[in-house]
Amino acid sequence: MTATTQRPAPPRWTGERRGAIGVVLLVAMVWSISGLDVTLDRLLGAPSDAWAILRQMIPPAFARVAARGAVGKVFESVYIAWIGTVIGALLSLPLAFMAAHNVAPIWIRVPIRQLFNAIRAVPELILAVILIPITGLGPWAGTLAIGIHSIGTLGKWATESIESIDSGPIEAVESTGGRWVSSMRWAVFPQVMSTISSYWLFRFEINVRASAVLGMIGAGGVGSELVSHLVFRDFPAASAVLALTVGVVLTIDTVSAAVRRRIITGGVGGDDSSRSAEALSDLTGINHR
Amino acid sequence: MTPTPGQSTRPERPRLRARTVGIAAALMAFSVFAAREVGFDPSTFWEVWSNPLWEKFWPIPWDWVFDSGNVLQPFVETFQIATISTILGCGLALPVSFAMSSLTTPNRPTYLVSRAVMNVVRAVPDLFWAKLMVTAIGIGAFAGAWALTIFSLAVMVKLFSETVDGADPGPLEAARAAGGRHAPSLRTGILPTVFPDYVAHALYVFELNVRASVVLGLVGAGGIGRVLEAQRQFFRFDRVLGMLVIIFVVVWVIEQVSVSLRKRLI
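If you're matching them up, the sequences are chains A and B in order.
The first sequence begins at 1 in the numbering used here and counts up by one.
The second sequence begins at 290 in the numbering used here and counts up by one.
If you are wondering where the hints come from, they were derived from the structure by calculation, not from laboratory data.
Keep in mind the model is a prediction, meaning the values are calculated, not measured.
Incorrect hints may have been included.
Here are the simulated EDC-like pairs of lysine to aspartate or glutamate, each with C-alpha atoms no more than 20 Å apart in a straight line [to be verified]:
(1) B:552 <-> B:462
(2) B:447 <-> A:16
(3) B:345 <-> B:454
(4) B:447 <-> A:205
(5) B:447 <-> B:486
(6) B:447 <-> B:457
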């Protein structure tokens, strides 16, 4: 008897389904293009306009923008990001202990988790729009906006790492008669601190980008430099500012990633790829999973 | 010497190392310096809290907010920007992601160049792109759509190329062993296994784009942010707050729908 294998039946309706999805995408495209007030000459002209500007951007006028203090502005963005991260870290740490399900009772956990979610849902830029009339233009508005927004994500991450700890040390402290505070200090804190401090650094990396953008609406930092050069169509200067910003962002990313790797060796939970997905979601405060 | 039963020697207390102290001191010094630079002062918290301007945010003029021309119409524009840039950005991301994964790249130079370019593109924040595009091709939603297309491309290739990296190489090897050329091998060997992730990432990018397109208008790139910026400049903070509430609700609804769709996909 010969062993014949039955070929599996091909899935049905695939062509029709593909067609339907294609039509939906096409309709979505036509509908959205109809609202962008695109004319044919704008559409055809856009690449050449962009190219013309790109050509004017080279070479970047580093000396000129440096003389105007652009380097200081880039550093101001870094300071804003740093202090924003410090504010977020200090405020989120105690809250995270009250939000983790293994160490906090339900009546305090739920409201604090909702607080984290609500904070995460409001982007820094919107916070800055609200804060600028109150604080006035300048770095303090951006710092507060970043600090407040950071509470949401840092709190969520810290809560998750507290929830993933080994419960043995907590039991050990409790069995010796320790109170809640002592078990947090001696059982939980040493287990989570390496992970949490690497999250702080990671949030700092994100905040550097965020604070660069915040300057565009006057909340301090390098964004205002870029906007003012672009408004006056001074493209060599704009590209120099852009290059400085990208350089600083990439440098901080690299250094901070190296430090984080060093900290996390031997820490609890959280691998790098899951955190990079978290980071993306965090840039805008969306749940990735 | 072994400790007698029931009695154990206490482990030695870790000593404070000079390096640790040095690092902590340096971080503290940097923090203090940075705090001065940004104008930090504990009293400012109270000043912010007790500022009389907060009253300007209240009450929310709901009839203005729900008047269709004021908020609804620019909101539709926001969605149009988000939709077109998601479709274009994710469409372009498909081939670029394959070039960026060591598993599927056609050759080494393509791999290196596409990675380097995309890293730089991603290092530029989305609103910088928007401002550049506004300057290059004029104020309005068209510039916003361009900027978000670039942004979606950069995010999507990051997410999707990582998925492709982790894909099962077996079917691809089989297709190549059977003599398949590059593109058809990818089409039959890799794409079917990663396509659900592709759609899930695309939905996620759409969420990002809705959020980003809300603030695009702050730099003149169209959508609801344009109205937000205008009302802000007229000091109508009550209207600003009303719009923010609407944005918050709509974005939240979209996120919930998208998250549940993505859960079903993966």
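20 Å limit on alpha-carbon distance, applied to hinted pair residue 447 of chain B and residue 457 of chain B: With Cα atoms ~18 Å apart, residue 447 of chain B and residue 457 of chain B stay inside 20 Å; holds.
20 Å limit on alpha-carbon distance, applied to hinted pair residue 447 of chain B and residue 486 of chain B: Status holds; Cα separation ~13 Å.
Given hint residue 454 of chain B paired with residue 345 of chain B - CA-CA distance at most 20 Å: violated, 53 Å
Hint consistency between residue 447 of chain B and residue 16 of chain A [alpha-carbon to alpha-carbon, up to 20 Å]: Not satisfied, since the Cα-Cα distance of roughly 31 Å exceeds 20 Å.
Satisfaction of hint between residue 462 of chain B and residue 552 of chain B, Cα-Cα up to 20 Å: violated, 30 Å
Holds or violated: residue 447 of chain B to residue 205 of chain A, with C-alpha atoms at most 20 Å apart: Given pair residue 447 of chain B, residue 205 of chain A holds - Cα atoms ~17 Å apart, limit 20 Å.
Of the hints listed earlier, those the structure fails to meet are numbers 1, 2, 3, in rising order.
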